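Undergrad: Chain by chain, the residues run as shown.
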Amino acid sequence: MARSYLVTEKTDAILNIIDGTNIERNLYLTTQLIELGIPVVMAVNMIDLVRKNGDRIDLGKLSREPGCEVVEISALKGEGSDKAARMAVEAAREGRVGELPHVFTGSVEHALAHIEESIQGMVDARFLRWYAVKLFERDERIQQELNLDKATLEHLDTHIRDCEAEMDDDAESIITNQRYAYIGRVVEKAVHKQARTGDLTPSDRIDRIVTNRVLALPIFVVVMAVIYSVAMGQLPISIGTKGTDWANDVLFGEIVPGLFDKLLLNAQGEPVVAHWLYGLIQDGIVAGVGAVLGFVPQILVLCFLLAILEDVGYMARVAFVMDRIFRRFGLSGKSFIPLLVATGCGVPGIMSTRTIESDRDRKMTIMTTGFIPCSAKLPIIGLFAGAVFGENPLVATSAFFIGIGAVVISGVMLKKFKAFAGDPAPFVMELPAYHVPAWGNVFRATGERGLSFIKRAGTIILVSSVVLWFLQGYGFVDGVFAEVEDNNHSLLAAIGNGFAWIFYPLGWMGDMAWKATVATVTGLIAKEEVVNTFGVLYNYAGDTDLMQDSSPIWAAVAADFGAVRAYSFMIFNLLCAPCFAAMGAIKREMNNPRWTLGAIGYMCAFAYVIAMIAYQLGGLISGEAAFGPFTVLALVALGVLVYLVARPNPYKTEKLRLDVRKVVTAK
Amino acid sequence: MAIDLYGGGNAIKTLKEARVGETVTVARVHGEGPVRRRIMDMGLTKGVQVLVRKVAPLGDPMELNIRGYELSIRKADAEMVELV
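Residue numbers (the working numbering), protein chains in the order written: chain A, 1 to 667; chain B, 1 to 84.
Read the hints as simulated data drawn from the structure, not as lab findings. Watch out, some of these pointers could steer you wrong.
What the hints assert, rightly or not - Derived pair list, reagent style BS3-like, types lysine-lysine, alpha-carbon separation capped at 30 Å: (1) A/K418 <-> B/K75; (2) A/K52 <-> B/K75; (3) B/K16 <-> A/K52; (4) A/K416 <-> B/K75.
Claimed, not checked - Going by beta-carbon spacing under 10 Å, a handful of chain B positions derived as facing chain A: (5) R19; (6) E22; (7) T25; (8) D41; (9) V52; (10) R53.
Given the structure is predicted, the values throughout are model-derived calculations rather than measurements. The C-beta atom is built at its ideal place from N, Cα and C for all residues, glycine as well.
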């Protein structure tokens, strides 16, 4: 992707920042960049660490052989960055490219020269070498791009095959091998490594403990427990929760509404603007947007701590340790981090999928991250566990396992679909050396995630708050459209009733049907809205904390919902489309309307099917539901689900095993 | 120095079978497609020396030291790497 960008956009110069502590592997990309025939300035980063290790890099020698300018920088210490940028600008102005480095030798160079000859004039002269290498590797996209006729392709292939026969290897390996061999020669001349004493760097010593066979998992649990206590817990160290409490109770509870009151009310306490406008601002916008912005402190603290873990190199170790488990259901160790973050909030969870480079794994992780019960879903669980199930702790536990189960089942099921088929992405990952966090990176990552959350609150949440406020507060009373006292007459109630039939197979019927429907819809704004909506709809609005202790609405809820029905409602709301903020994150990370809709649609469909199975079959056992057409439908759905999970993978490739066997017999 | 531990040379040794702490040399990378490409891009190429650093607590993946850095690779992928 990046390479085709550089070629098609005719870039003026490239500033290639390489990790000085891992120079061989980094020079691999550099040699490819230089082949593009675009001026390259190589900035050797982390030079402070290189010096600390006692290594020396001879810039003159490193510059001469590949033919590009080299500068030492330390982004962490802010050393040399300006100089590097100046040199890149200078290189772009001069636009001068020296002779390309002699990366390839012998018959490879010979074959490349032949290819270059054949395609001369068909491509920009600057990129001749790059195209020749790609054609040597039989890159199909480039073959198509150049529209080569069959005769030419056949002619080129003769040269490639000759070379392959001579080197006893295939074209791709030949190129990679020679590139690394060339780099080896450059590094030998230019880099003087201090002999390692005892072979253990500080990073190795940390890893001895952190990824230790026995200690790895306990250490991980402790690290996470500390992070969540600080960000979301209820302990003296929980600064995230303190911030959110302050934002909810003081900032959006007193200061902001007070400010608007000062602006909008006259001395008599009467609004100076239209009555409806005052309601819109205070009850719609301030309350709605404030409810979401209240999460910002917790999210910032969580993002900040996770950014530190990422930057010091711990997250790569977590992926390393957890990969074994996650591979089983079609995800990789890297998918674990988003799922983990999502237990706090799905939004940063979905955003952290960006570090997964395999497209297939990333999409699957985005689709399943929303199933994890986030902190905003806990009140829903709390309400039903308390109201209907006598505070049975099994309910909350089961809710958590339903979330995990949904991830696992979806993973196993989805990986067998064509959209996710194909070679499993290799879990080939660099484990970077541990280092002190670069605060610049940490703050940037935190700021980016926090800001995008705030931005969404200012846009989509703002609009939906206004819409909800309107629908909840207005309706037709005796055929006249007006503000309603009792929201049972509101437009929202009418809409809820209109759509309640959709949820009939889930057992949502009778008095609870429209309330459950409306609560589900408001839950899309923020999941804690579900409980707040019940508070409003059961006419116990006010200061009562509905999620804790035996709240006055518990009896009413228990009377309306049977046990099985309550469970079906809970399952649906835990698994269906997440809140708007998370949907916005899905949209941004998928960056494709079809995948966005697919992901949200999948979550809703999955939630619906599971909730239906739970109600129809659970109800049949407990006697709350009678046998009927929907029981049959639920049984069929269950059968399909089991089949989709258990069926053999139609796209599984067995290439690897065949290959090894071929080698064995050939020997 | 290559010692033929396997008698007639019928069996090939892959990186998957290398023991922790062992330093081995890559002979070639099998397989095809992007997986193989990615493995080679990370520096697992013919002739390179690899130190098997450790195996993850649950038995997979494994951590290698190669070309001066740490690389994590699954055993299924390591099986594609033939050793000298």
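Undergrad: Are the hints correct? Go through all of them and say.
TA: Tested hints:
Restraint check for A/K418 and B/K75: satisfied, since their Cα atoms lie roughly 25 Å apart, inside the 30 Å limit. Simply put, A/K52 and B/K75 have alpha-carbon atoms about 34 Å apart, too far for the 30 Å limit, and the pair is violated. Under the criterion of a C-alpha separation no larger than 30 Å, the hint pairing B/K16 with A/K52 is inconsistent with the structure, at around 34 Å. A C-alpha spacing of about 22 Å is found between A/K416 and B/K75, which places the hinted pair at or below 30 Å, so the restraint holds.
Hint on B/R19 is violated. Least Cβ distance to chain A is approximately 15 Å, over the 10 Å limit. Hint on B/E22 is violated. Least Cβ distance to chain A is approximately 14 Å, over the 10 Å limit. Restraint check, B/T25 versus chain A: the minimum CB separation of about 13 Å is more than 10 Å; hint violated. Because the smallest distance between the Cβ of B/D41 and any Cβ of chain A comes to about 7 Å, under 10 Å, the interface hint for this residue holds.
For B/V52, the shortest C-beta to C-beta distance to chain A is roughly 14 Å, which exceeds 10 Å, and the interface hint is violated. Of the supplied interface hints, the one on B/R53 holds, with its beta-carbon coming within about 8 Å of a beta-carbon of chain A, less than 10 Å.
Consistency with the previously given hints fails for numbers 2, 3, 5, 6, 7 and 9, ordered from lowest to highest.
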